[in-house]
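Enquirer: In order, the protein sequence lines correspond to chains Y and R. Reminder that position 136 of the first sequence reads as 136 in this note's numbering, one-by-one numbering, no gaps. For this note's numbering, add 176 to where a residue sits in the second sequence, where the first one is 1.
One thing to keep in mind: the hints can contain errors.
In silico DSSO-like cross-links for lysine-lysine, where the CA-CA straight-line distance does not exceed 27 Å [claimed, not checked]:
1) K153/Y x K534/R
2) K102/Y x K134/Y
3) K183/R x K134/Y
4) K60/Y x K108/Y
5) K109/Y x K174/Y
6) K108/Y x K174/Y
Calculated directly from the structure, the hints in this document are not laboratory data.
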Amino acid sequence: MATSGSNGGADGVVRRDFLTIAAGAFTAVGVAAAIWPFVHQMNPSADVLALSSTEVDISKVQAGQAITVLWRGKPVFVRHRTEAEIDAARRDDTASLPDPQKDADRVKKAEWLITLGVCTHLGCVPLAFQGDYKGWFCPCHGSHYDTSGRIRKGPAPRNLEVPQYAFLNDTRVKIG
Amino acid sequence: MSGIHSKFNKGIIGWIDYRLPIFTILDDMVGTGYPTPRNLNYWWNFGSLAGLCLVIQIVTGIVLAMHYTPHVDLAFASVEHIMRDVNYGWLLRYVHANGASMFFVVVYIHIFRGLYFGSYKSPREVLWFLGIIIFLLMMATAFMGYVLPWGQMSFWGATVITNLFSAIPVVGDYIVTLLWGGFSVDNPTLNRFFSLHYLLPFAIAAVVVLHILALHQHGSNNPLGIDANGPQDKIPFHPYYTVKDLFGIAVFLIFFSALVFYAPNMLGEVDNYIEANPLVTPAHIVPEWYFLPFYAILRSIPDKLFGVLAMFGSILLLFVLPWLDTSRVRSARFRPVFKVFFYVFIADCVLLLVCGGKPPEGIWLILGRIGTAYYFIHFLILLPVIGFWERPLPLPKSISEPVLGGGKPAAAVAAPAKE
Ligand code: HEM
Ligand code: FES
Numbered sequence: 001m002a003t004s005g006s007n008g009g010a011d012g013v014v015r016r017d018f019l020t021i022a023a024g025a026f027t028a029v030g031v032a033a034a035i036w037p038f039v040h041q042m043n044p045s046a047d048v049l050a051l052s053s054t055e056v057d058i059s060k061v062q063a064g065q066a067i068t069v070l071w072r073g074k075p076v077f078v079r080h081r082t083e084a085e086i087d088a089a090r091r092d093d094t095a096s097l098p099d100p101q102k103d104a105d106r107v108k109k110a111e112w113l114i115t116l117g118v119c120t121h122l123g124c125v126p127l128a129f130q131g132d133y134k135g136w137f138c139p140c141h142g143s144h145y146d147t148s149g150r151i152r153k154g155p156a157p158r159n160l161e162v163p164q165y166a167f168l169n170d171t172r173v174k175i176g
Numbered sequence: 177m178s179g180i181h182s183k184f185n186k187g188i189i190g191w192i193d194y195r196l197p198i199f200t201i202l203d204d205m206v207g208t209g210y211p212t213p214r215n216l217n218y219w220w221n222f223g224s225l226a227g228l229c230l231v232i233q234i235v236t237g238i239v240l241a242m243h244y245t246p247h248v249d250l251a252f253a254s255v256e257h258i259m260r261d262v263n264y265g266w267l268l269r270y271v272h273a274n275g276a277s278m279f280f281v282v283v284y285i286h287i288f289r290g291l292y293f294g295s296y297k298s299p300r301e302v303l304w305f306l307g308i309i310i311f312l313l314m315m316a317t318a319f320m321g322y323v324l325p326w327g328q329m330s331f332w333g334a335t336v337i338t339n340l341f342s343a344i345p346v347v348g349d350y351i352v353t354l355l356w357g358g359f360s361v362d363n364p365t366l367n368r369f370f371s372l373h374y375l376l377p378f379a380i381a382a383v384v385v386l387h388i389l390a391l392h393q394h395g396s397n398n399p400l401g402i403d404a405n406g407p408q409d410k411i412p413f414h415p416y417y418t419v420k421d422l423f424g425i426a427v428f429l430i431f432f433s434a435l436v437f438y439a440p441n442m443l444g445e446v447d448n449y450i451e452a453n454p455l456v457t458p459a460h461i462v463p464e465w466y467f468l469p470f471y472a473i474l475r476s477i478p479d480k481l482f483g484v485l486a487m488f489g490s491i492l493l494l495f496v497l498p499w500l501d502t503s504r505v506r507s508a509r510f511r512p513v514f515k516v517f518f519y520v521f522i523a524d525c526v527l528l529l530v531c532g533g534k535p536p537e538g539i540w541l542i543l544g545r546i547g548t549a550y551y552f553i554h555f556l557i558l559l560p561v562i563g564f565w566e567r568p569l570p571l572p573k574s575i576s577e578p579v580l581g582g583g584k585p586a587a588a589v590a591a592p593a594k595e
């Protein structure tokens, strides 16, 4: 409707086109800015983010035992590995692994393996000391993990995730 | 549609209709003003039954929400409170929980009715799309509702299903955190699921209105799958189909009551009477029965991303069905080859349903894989090919002809329809 004006350039562009495009672009940015709070409110809130570390006493966990602790609502496995389990994990560094990683890169102290207790398939909690590799077995859809928490068989794509953690002293670990 | 020339022109009804033509509109939608094919059979009852189910879910849901508490520490106890302390709480909850199952039974029959009689074909594609959208919304609603009682199955079902989105490359993990509002399924998740579980049924109701609008544009399909030739092929919706639908509702309520009063936990999982525990996954987690075929498809593919794609794909495929089925004949009554494969397809869906409930090992895994492969072969290969090669039986000239002539079409085989 605005093309009848006298300000048309040689290529048919009129001043009104600038206004239309500018108004449209401005509206788009405004709508996006208005939508963002409605999306972002779904992300973790400040108090959820604040609860991001937990301390664990590991003095009572004997070799060959494992405990599960809760961190950010997720289970974390703390496993005191036996010599045999460590050897098996190291031997398999060279096996064909779906998600190749050396055992040494997954631990800070060889006898303590600390991973998230969350199957990388769809998030179930795998069962310790079970499955073909005596590491973990996930009953939900049959994923097998070895004694380094690496995925060996089944639908899970990745190794059990190693969270950030630090040994505060010989008997205490801080996760997160 | 305006009230000015309407048949509602007397008394108080006339007075209202003149100002707000609500009676005229209703009469045109489900009354004497809506001409309907005269030959609809009982498979056409399931649309009105689905509507009834939605109303039952909304009414029972709203009263349950008056007693339910969406908090991880209180949700499980509040559902037990509903079961034990609230007057008739047990009834309301059993009706709501089993109502969800009955809703899916009805909708599955409704969908297979459409598949058999070719109701998805031109000019009813948009009507079909709206139906699939309703189905997707129903699945989301039922999934989130099942999380609310915060039992073990609620929790682990929610964990597994939300984790499906982590299969999306690059942004998957961000999406999952966004869905959870935290680092696992937790209180923020429960709260938003309650909010959405309350909302979505009303969104469904809105899509149902569009579904009916699209239906009324060209009217119902019918068991013969041919278009009506004129008024002699139609009868008014009221009283003929209002009465037939009411009869269907009475029969439906008998089955529904049998379930609610004699076997209210038959379709549920005992594990859901154990409160959610984020540290222990139950040995055998299964979704509700109505999700089992899709769950079987998910599990039969040994790759995470492709498993998830196949599962969503199995439903989204229905959107292209109108083009995958190349036959121009709607009703399976006149499609001898299609008809056989239709029944094989039903058997395949039942097979998938059974496999989805079994542990994914040994024979069940193999059967699940065969079932999954056949599911896709049916849509992607068989339907296009059959439509092309099949010789359809001769179609009756009109709806009223076979009705008056005894209902059986002539048995002679016609030449394949050449274009
Ligand atoms: C499409 C319609 C709906 C479907 C398919 C549906 C499905 C479900 C399912 C499967 C459950 C779990 C039942 C159990 O095992 O305990 C549930 C629970 C619940 N629903 Fe719905 N629902 C629908 C509509 C609604 C509406 C409109 C409300 C209104 C607020 C509602 C409120 C609730 C509440 C409070 C619970 C938790 C109490 C309980 O577990 O029984 N629902 N729903
Ligand atoms: S969640 Fe562990 S195998 Fe699927």
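Enquirer: Run every hint past the structure and note whether it holds.
Expert: Hint-by-hint comparison with the structure:
1. Straight-line distance between C-alpha atoms of K153/Y and K534/R comes to about 20 Å, which keeps the hinted pair within the 27 Å bound.
2. Distance restraint check for K102/Y and K134/Y: the Cα-Cα separation of roughly 18 Å lies within the 27 Å cut-off, and the hinted pair is therefore satisfied.
3. With a C-alpha separation of about 79 Å, the suggested pairing of K183/R with K134/Y is violated against the 27 Å cut-off.
4. A hinted pair counts as satisfied when its Cα atoms are at most 27 Å apart, and K60/Y with K108/Y qualifies at roughly 19 Å.
5. Distance check on the hinted pair: K109/Y and K174/Y sit about 14 Å apart at the alpha-carbon level, within 27 Å; holds.
6. Restraint check for K108/Y and K174/Y: satisfied, since their Cα atoms lie roughly 13 Å apart, inside the 27 Å limit.
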